[in-house]
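Colleague: Okay, here's what each chain looks like letter by letter:
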Amino acid sequence: MKITKEIINKHGLKNDEFKKIKELLNREPNFLELGIFSAMWNEHCSYKSSKIHLKTLPVKNKNVIQGPGENAGVIDIGGNDAIIFKIESHNHPSFIEPYQGAATGVGGILRDVFTMGARPIALLNSIHFGDVKNKKTKTLLNGVVSGIGGYGNCVGIPTVAGETKFHKTYNENILVNAMAVGHAKKDKIFYSKAKGINKSVVYVGSKTGRDGIHGASMASAEFDENSEEKKPTVQVGDPFTEKLLMEACLELMKDNSIISIQDMGAAGLTSSSVEMAFKGDLGLELNLDKVPCREENMTPYEMMLSESQERMLIILEDGKEDKAKKIFDKWDLDFVVIGKTTDTKNLILKFHNEVVANLPIAALSSNAPQYERKWKEKKLPIKNIKIKDFKKIKFDSAFFKVISSPNFSNKKWITEQYDQMVMCDTVQKSGADSSIIRIHGKKKAIAVAVDSSAIYCKSHPFSGGKQIVCENWRNLISVGAMPIAITNCLNFGNPEDPKIMGEFAECIKGIKSACEFLNYPVVSGNVSFYNGTNNKNIYPTPVIGGVGLINELKDPVKNNFQKEGSLILSIGKNFGHLTQSALFLEVFNYDDGPPPEANLLNERNNGENILKLIENNFINSIHDISSGGLIVTLAEMSINSSLGVKIKKPKSLSNLFEFFFSEDQGRYCIEIDKEKYDNVKKILQENNIFHEIIGVVQRDNFELEKELKISINDLYKINNEWYYNY
Amino acid sequence: MKFSVTVTLKKDVLDPQGKVVEQTLKNMGTNSLIGIRQGKYFEVEINEKDETKAEKQINEMCNKLLVNTIIENFSIKRI
Amino acid sequence: MKFSVTVTLKKDVLDPQGKVVEQTLKNMGTNSLIGIRQGKYFEVEINEKDETKAEKQINEMCNKLLVNTIIENFSIKRI
Amino acid sequence: MNSSVIVFPGSNCDRDIAVALEKSKFKNKMVWHKENELPKSDLIVIPGGFSYGDYLRSGAIAAKSNILKEVVKASKKGCLILGVCNGFQILIETGLLKGALLRNQNLRFLSKDVYLKVLNNENKFCNKYKSNELIKLNIAHNEGNYFTDQKHLESLEEKNLIAFKYCDKKGDILNDSNPNGSLNNIAGIFNEEKNILGMMPHPERMIEDILTNQDGMKLFNSLFN
Ligand SMILES: Nc1ncnc2c1ncn2[C@@H]1O[C@H](COP(=O)(O)OP(=O)(O)O)[C@@H](O)[C@H]1O
Ligand SMILES: [Mg+2]
Chain H
1 MKITKEIINK HGLKNDEFKK IKELLNREPN FLELGIFSAM WNEHCSYKSS
51 KIHLKTLPVK NKNVIQGPGE NAGVIDIGGN DAIIFKIESH NHPSFIEPYQ
101 GAATGVGGIL RDVFTMGARP IALLNSIHFG DVKNKKTKTL LNGVVSGIGG
151 YGNCVGIPTV AGETKFHKTY NENILVNAMA VGHAKKDKIF YSKAKGINKS
201 VVYVGSKTGR DGIHGASMAS AEFDENSEEK KPTVQVGDPF TEKLLMEACL
251 ELMKDNSIIS IQDMGAAGLT SSSVEMAFKG DLGLELNLDK VPCREENMTP
301 YEMMLSESQE RMLIILEDGK EDKAKKIFDK WDLDFVVIGK TTDTKNLILK
351 FHNEVVANLP IAALSSNAPQ YERKWKEKKL PIKNIKIKDF KKIKFDSAFF
401 KVISSPNFSN KKWITEQYDQ MVMCDTVQKS GADSSIIRIH GKKKAIAVAV
451 DSSAIYCKSH PFSGGKQIVC ENWRNLISVG AMPIAITNCL NFGNPEDPKI
501 MGEFAECIKG IKSACEFLNY PVVSGNVSFY NGTNNKNIYP TPVIGGVGLI
551 NELKDPVKNN FQKEGSLILS IGKNFGHLTQ SALFLEVFNY DDGPPPEANL
601 LNERNNGENI LKLIENNFIN SIHDISSGGL IVTLAEMSIN SSLGVKIKKP
651 KSLSNLFEFF FSEDQGRYCI EIDKEKYDNV KKILQENNIF HEIIGVVQRD
701 NFELEKELKI SINDLYKINN EWYYNY
Chain D
1 MKFSVTVTLK KDVLDPQGKV VEQTLKNMGT NSLIGIRQGK YFEVEINEKD
51 ETKAEKQINE MCNKLLVNTI IENFSIKRI
Chain U
1 MKFSVTVTLK KDVLDPQGKV VEQTLKNMGT NSLIGIRQGK YFEVEINEKD
51 ETKAEKQINE MCNKLLVNTI IENFSIKRI
Chain V
1 MNSSVIVFPG SNCDRDIAVA LEKSKFKNKM VWHKENELPK SDLIVIPGGF
51 SYGDYLRSGA IAAKSNILKE VVKASKKGCL ILGVCNGFQI LIETGLLKGA
101 LLRNQNLRFL SKDVYLKVLN NENKFCNKYK SNELIKLNIA HNEGNYFTDQ
151 KHLESLEEKN LIAFKYCDKK GDILNDSNPN GSLNNIAGIF NEEKNILGMM
201 PHPERMIEDI LTNQDGMKLF NSLFN
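Chains as they are written, first to last, in the working numbering: chain H, 1 to 726; chain D, 1 to 79; chain U, 1 to 79; chain V, 1 to 225.
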């Protein structure tokens, strides 16, 4: 087939890039080779626009065993225990077919984790939808939630935490990010680097069909009116086969048969084989006649670019084939030796006794284009408002409006569709700042949380990037865990637009500064560009997934009020920051001004001391103060218990809206016994931490002197209704 | 007026359900089995005397709700 | 030889799926809808040239696995 | 006492239930579904999960496995059989228990803690519970909507073959406290001889205070004596 300009463009390659390919090969690629290049050189696999920025992130601390560059990040949690985790996006497929898109997103991230030898122990997700009035939103929400649940429930991994947000910026481009966390033995971690020559390359798992051909390029292309035509490429997930594949791989990993292993994710057989060879500085020869196919007459092009799910590539030690095959037979899975490692440093593909492709591995990987794209800085918006409208709205109706809004409504409708308890180690389910998963059979546990704040990042990407890491860190602190490391999924618009590239570069700077200061490195992640339609880009939405450690698991600290009569304190200084707050957005429809600034020094100091208070059993319950401000924090602590509060009018800020709705960072709300106040006060004062007594826990009613009084039952209803009525 | 709607997966779309059912039947000794694919079936009754109009309505129901046209095909028959 | 098998719930068995689909369609404004019931559909291909024999085999598959005859009915058609 | 847990390729509560059995001192063995023989057992447990992806009807394919034939034989000899969640669905598909488990009324997978009333404690499974005791267990299923014909339903009630019913916090068995649409709020039933129990809620998830409570432990302690 003649390679025309049209074919090149259809493959998402720019003319310069095609020129570079010809230079690297010293000839024209054939059609199959072009397909392979397009898969390897697209944004999703090559990170061509993001790499120079990602390189600046901190990736090490004393706990990190493996940072970015592998299927997932690995951290040490003491003894022979390691935690392996990563987050990944499945945005475009989920917009086209929400159930299957979300389901296969979960499947993909699970494979990234068990590929490395970990048994997955928790799933998380961050999902962003358009305006609830948009006519697509409801179907997308339903489909995505049941897809996430459907996959995880069937495989038998608890889905324990996540976040769900609605904003019109996602009307034509939703976000579905899934995170998986697994547990492995430190001395049994598997990597993707190939080693040795003439070793068997084995294909295991499902058969290859025509699913998602060009999926990776699709994930890196903006949507337009013609997206509908791309529909048939959506893959269908098969969680049952995933479960078989997981068990079979974990069984094979018990001894020393595996040299290296890699899941077939985006760009399937192409990217997995190239990656293994590249890391091992080797070549690979594959016989495509051997690839197990689901459909008849599949071409090499289709086999190499198919994104059929639930498949893996393994390089085996000599002589282990029979033993390995027995295991896969037991689990009714395909197991076929399809090739071998070579010293040619080329990827050679054979089909019907002919060499159909012969490409240097380096051309596909290390020689892929890298771009230092132009980017524009975004100035901190000025805060030049005096809201006169405060008088027009009563405090209580503003409060009700916020907590009954889709963004602040209780997420039970969602979390009830996820099996949260399977594996019987979920000590804290979703609903708290972080969820807690015990390491099976041990005293230690990990805490996990995912967070994002696109609103802050849009307003000022640097502050937003910093803030989101802090918030995630704070969420782990709030359950008594020592934060260790993060994974991140960077969802942005079109990187060829300098404004968008600026958002990306500055969010990264913000993330970097917070991660460095908090000793909270990035160990894995994923970049998703081209989120937008017809030149309308989504708000910059970095999502942070954090993992923390609880060394000695006692009764975990609660996130809901525990005792009538105990004192409620707010920790950290409140400056009344309202721009970009939930109050301004949900009630006043006002979206100018800067986001709150995260002061890293205070953040760390407050957090470390809170952790101390928790460890010394001074705290009955705790919740961080974030989006929605103090009043929402108090409401959530009430709703989750059957106890209310009696709040005093504040002394420090005279405006009630500023006091209760401000979103200043680094703050917590804690409940303590009255008798412990002096001790707590002493610790806080010694460490220069500002605190205020807010009120006391009381029965039945949620109450603020003269402004607001509502029974807990009614409050629960207001907060719980939206999803069920949608 | 009563119609049947059969919904089947498009040709190249993976059918995990059919796959497992097929495997089970084979394990149970059904040697002659070549393949099996699973779909959905609906019986719809509507209050409409004009067959063309009725069919149009059913067609609309399929597109709007009953069928995921991204991965499924459907056919409508009067019964 | 290819056959279709449609499986429907028996008349007095509750059909939660059909009920929800029906309600949703009504909420979406399909006023003419009288009722809807959901079932399953299979396309089975077998290696057997004699139609009677083939049908007997399919019948057996239904009774053995595809259909829960306590709550479901089925019908087989050559396609 | 000896117990056996049957493991299908898609079982995913097998380990959890083994932990509970061992905690109540059973000597437990895991039995792979392709096996043709059962180890000597006083109790056989069919755990929760998605035995074959639950792709045709939940439990239907598992019910055809080799090992299930052995389970049926053992049950006829009076061996105790417990089916939890998918295990209950499998027992129904084998015909060891009567009725059907349909899709949840709201067509959504439902995972939450529910209150249950123990209606019959004069059997091998529930003797450590008080009569009418109120307990809290976790459910997690797509198809737990118990259905049967009127005659059988009446006989279940008359012969006291209903083990648990869904109720509210106060113990009242109401429509509102029915999570999935089950007839008469049924959450678990016995066969006539009361050596087989099938239940949708997961007792193995409630055996530790740190995870919620120990209401499920009493079931395993009842079985072990
Ligand atoms: N935002 C990021 N921050 C840090 N590491 C990243 C980021 N994005 C991607 N990576 C790392 O780059 C590598 C390749 O990522 P990816 O292509 O998403 O993996 P996969 O092949 O599993 O899809 C991974 O090791 C991943 O952890
Ligand atoms: Mg990977």
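Hints listed in this document are in silico derivations from the structure and should not be mistaken for laboratory results.
This structure is a prediction, so every number in the text was calculated from the model and none was measured.
Fair warning: there could be bad hints in the mix.
[As the list claims (entries may be wrong)] Rough simulated footprint, nothing fancy, chain H against chain V, three-plus residues with beta-carbon under 8 Å:
1. 13-21
2. 48-54
3. 98-110
4. 144-154
[What the hints assert, rightly or not] Label-pair restraints from in silico Cβ distances:
5. V:210 x H:686: 51 to 59 Å
6. H:321 x V:127: 49 to 57 Å
7. V:73 x H:443: 37 to 45 Å
8. D:59 x H:334: 36 to 44 Å
9. V:78 x H:675: 54 to 62 Å
Cβ coordinates follow ideal geometry from the N, Cα and C atoms, glycine included.
Colleague: Would you mind marking each hint as holding or not holding in the structure?
Modeller: Checked hints:
no.	hint	verdict
1	13-21	holds (count 4)
2	48-54	holds (count 6)
3	98-110	holds (count 3)
4	144-154	violated (count 0)
5	V:210 x H:686: 51 to 59 Å	violated, 33 Å
6	H:321 x V:127: 49 to 57 Å	holds, 53 Å
7	V:73 x H:443: 37 to 45 Å	holds, 43 Å
8	D:59 x H:334: 36 to 44 Å	holds, 40 Å
9	V:78 x H:675: 54 to 62 Å	holds, 59 Å
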